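Number of protein chains: 4
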Amino acid sequence: YGKNTIKFLRLHREGKKEFVKEVEVCTHLRLNSAQEYLDGNNSLVIPTDTIKNIVLLLAKKKGIPTLEEFAIDICEHFMTSFCQVVYVKTYVQEVPWQRLHENGVPHIHSFICVPDGIRFCEAEQCRNGPLVVFAGIKDLKLMKTTQSGFEGFFRNEHTTLPERNDRILCGELFCKWSYGECRNIDFDCIRNKIRECILEAFAGPPDCGEYSPSYQKTVNSIQMLILSKVPQVQVIETVLNNTFYNVVDMKNLGVTNDKEVLVPVETPYGSCACTLGRK
Amino acid sequence: YGKNTIKFLRLHREGKKEFVKEVEVCTHLRLNSAQEYLDGNNSLVIPTDTIKNIVLLLAKKKGIPTLEEFAIDICEHFMTSFCQVVYVKTYVQEVPWQRLHENGVPHIHSFICVPDGIRFCEAEQCRNGPLVVFAGIKDLKLMKTTQSGFEGFFRNEHTTLPERNDRILCGELFCKWSYGECRNIDFDCIRNKIRECILEAFAGPPDCGEYSPSYQKTVNSIQMLILSKVPQVQVIETVLNNTFYNVVDMKNLGVTNDKEVLVPVETPYGSCACTLGRK
Amino acid sequence: YGKNTIKFLRLHREGKKEFVKEVEVCTHLRLNSAQEYLDGNNSLVIPTDTIKNIVLLLAKKKGIPTLEEFAIDICEHFMTSFCQVVYVKTYVQEVPWQRLHENGVPHIHSFICVPDGIRFCEAEQCRNGPLVVFAGIKDLKLMKTTQSGFEGFFRNEHTTLPERNDRILCGELFCKWSYGECRNIDFDCIRNKIRECILEAFAGPPDCGEYSPSYQKTVNSIQMLILSKVPQVQVIETVLNNTFYNVVDMKNLGVTNDKEVLVPVETPYGSCACTLGRK
Amino acid sequence: YGKNTIKFLRLHREGKKEFVKEVEVCTHLRLNSAQEYLDGNNSLVIPTDTIKNIVLLLAKKKGIPTLEEFAIDICEHFMTSFCQVVYVKTYVQEVPWQRLHENGVPHIHSFICVPDGIRFCEAEQCRNGPLVVFAGIKDLKLMKTTQSGFEGFFRNEHTTLPERNDRILCGELFCKWSYGECRNIDFDCIRNKIRECILEAFAGPPDCGEYSPSYQKTVNSIQMLILSKVPQVQVIETVLNNTFYNVVDMKNLGVTNDKEVLVPVETPYGSCACTLGRK
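Which chain is which? The protein sequence lines are S, U, C and W, in order. Residue numbers for the first sequence follow our numbering, beginning at 1 and rising by one. Residue numbers for the second sequence follow our numbering, beginning at 1 and rising by one. Residue numbers for the third sequence follow our numbering, beginning at 1 and rising by one. Residue numbers for the fourth sequence follow our numbering, beginning at 1 and rising by one.
Treat the hints with care, since some could be wrong.
[Stated by the list, open to error] Each computed BS3-like pair below joins lysine-lysine, with the alpha-carbon atoms no more than 25 Å apart:
(1) W/K16 <-> C/K259
(2) C/K61 <-> U/K7
(3) C/K259 <-> W/K61
(4) U/K176 <-> S/K251
(5) C/K21 <-> W/K259
(6) W/K62 <-> C/K259
(7) S/K251 <-> W/K16
(8) S/K259 <-> U/K61
(9) C/K60 <-> W/K138
(10) C/K259 <-> W/K21
(11) W/K251 <-> C/K61
(12) U/K61 <-> S/K138
(13) U/K251 <-> C/K21
(14) S/K251 <-> U/K62
(15) C/K21 <-> W/K138
(16) U/K61 <-> S/K21
(17) U/K138 <-> S/K7
Read the hints as simulated data drawn from the structure, not as lab findings. The structure presented is a predicted model; accordingly, all values stated were derived computationally and were not measured.
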């Protein structure tokens, strides 16, 4: 099989107001032939240059109303137009341009890049199989400075970690979910709702937070909240890449450091992942 | 001379509300001795481990009210405590954590990383010289989808670039300014004012924008606006690293592309820089 | 499940001669419990800190004779020592330190980093299942300046790529293979043999090379040569990430460029992958 | 002023044997005008596209016999052809392709990328000033597993580092030197000689090494050896970015770790730099 990545900008205008989407599209095809590998016979091979042309042409003709609709368009095009294709997957990722505001007034054609979580989606289809759509958010960096601990874990002769009930919880979140039926879905609206669920479950109520007994439990809380609030979501995969922080021991320097100065621990670097679906 | 980088977190609490600053500090020392290079005599060398201890201890004792005040504290400590130091420069850069909000309510202890321009500063001093303070913003990515052109440039037999009056203006901005006298300055307030000046001069009025005849002129407009609105700023250095976009030619594909689909040009990659001061 | 990465150095000495291995080890565990996710009950959770201790302790006690033997040791330790573990995978990657030579004489304790292909391996086991060992080479960048083309490919109305019979073939190779039975295998020796096969199949005979009709065929040639020369290998996965180069059109500059000056095409970026096993 | 980066491949053939250089060229111009900044008058501005055309055309016409000769050609072209240019600097960096060998036989057209130190050079000229040429090696990673210490350093109440006489010396070296008179210099030959000096001074004799009392002394030894062996070199700047390694304390795990297992210390990260010239 082959893969192909292309990055481009799609502009459009409504009256004097400009809109922009910058995306990176990766299209992955598998063919029903092996002769290109075995004999160097390229007669069924679709050049990456052709894939690029098609992706750009679809963007021109149909625009990018949402990442998901664009990914679905691409998948359907390849399945319909090339009978040698037995599998297609399209990954679309968005450069996070946001409209500039001056004193609360939106600017008609100026944008700023604000990478506080990258939006992406995936559409995937095997010939004669259903088209499956995933959407997600990645590179979302969150931190809680208190209300997090890790106690009562498994101990043996190799355990040196002390129990802690007031540590920093800090990590980079990856969250990817699948949709069941894709007709009449407002993808952007659902994505925003899910983002709110993530932040709410991570942080807890704004006035007091909520104690996290482990990264695992926090991951689970995020998933449970999404499943309960967003009925269109079928399955969620969540990965939390943790950064650990150590309180610096300042006894030698004659000072008591009461969780005021902490340094990141580069190693070990941990990650906790879980996939949760509906019954 | 020697250099040393350390990254850490500084927390503090007011009532139940938590505050966090994560910074990367790079301290650069030059000594009045050469014997460590020539003879391997280390008796005047200050180990990087000691530098680290001092930076962390100052953070613990004095906190980080602003990046600039912290950098000044570090500079002054090294100049005062080590008579072998003839030059010290401290660079401080902030990880852009922002307080989370839920439905407009600020959270007491949860934060999200929003890297839409990185704040940094520098304090520098030679022995017997004045302490000079710089501040800046870097990695600020901005785009205008219209109201930008490049015409009337120098032409010779090696010129192939067509003139354009409706191109994309897109780039990554670096802006660094120096202060004259540093007493009684509200560094954070000035920094915010300067950020607003940058966005305003880049984008122009929100309802119509302002035509940019070149990257150079846009850089100059940014600098002129800052100098006119912020009297504490003495000198400004601005660098704009440009990303160029080409309108994709779709004639071969039977379609007219009216600046709707564009691809980034990886090479040539250009940059335009200028330093401007008061008379 | 959870993951954990640690990087460290393992030294040993034979007489006055020093040996060094620097590795990055990523251990991935899955437990037979869900209570840590559902209830915040950590009683079966193995902290990443414990995983780190065990990896370092095994390195200390057993050394790292080969990456593969070390990965097997780690897998077996976790399966044997923790009955709550139902799956373990260990990935080991080597920092490519090579002994320095001065005028052909090997230095007893000095090394240089030469990243011309990174060695890695993986050992994987489900409880009650067999231990499977993979090894591989990645980030191996190769180029042929001639004897490569791409012709006779599938054409439709979206095809604009011209046929070429003298292009540059340039890419980054990833190659990963599995072993059947792992007893009494000289892993390092096989790895070197496979590296030679890759280079030979990619480049062809040194005096004339061998024409490559496509990236796909080159990938297949590499795999076929390995399977024919190295009986211990069961299955090979190969990925070739291609960099394309365009001959610069210099007609406007009054010059004919006969494939002398080429620029890399950043987009589209392609990749071709294939997995091949024995019957 | 403005800057511009371009990356390209230059091929040539002698008989059936192919040669390749892949370089990244960054050209930096300063003009004698300010009107493009102040008034948006572009009439003297040289577009980056034109700069790119000139660099590629010079590569086509003159080839790249050495990085230094190519950088000199570019500088001279801009000074001669554009009277509005008052300063030009050209930086050239090489992608480290090496000819493949099979059983010791060099391949006629296949290459492998071996980044064990990146070669670069710089040529710089002010109008009416001399052309100055620098050359250098960067990203050269070296390690000594013994024969290195750090003792007798400055101590005060903030010193916690223990004295060590058997530590790891590991770092990334940057070395840049200037030539006096540039006529009739064999740049590649000198560069190779200097590389040998660096390795020799870093490592010491192959059978026993040489004790390094500090990073500073090692930097100085490298510079002294180059100045003594290579008369064409006028001034050398050397920077050693250090990676520190800590011996892991395994007492809690019931084991004595005799400098066998070490972990890298990510922070503090240190660097030591020195510039040395002839009297």
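Hints that the structure is at odds with (numbers, increasing): 2, 4, 7, 9, 12, 13 and 16
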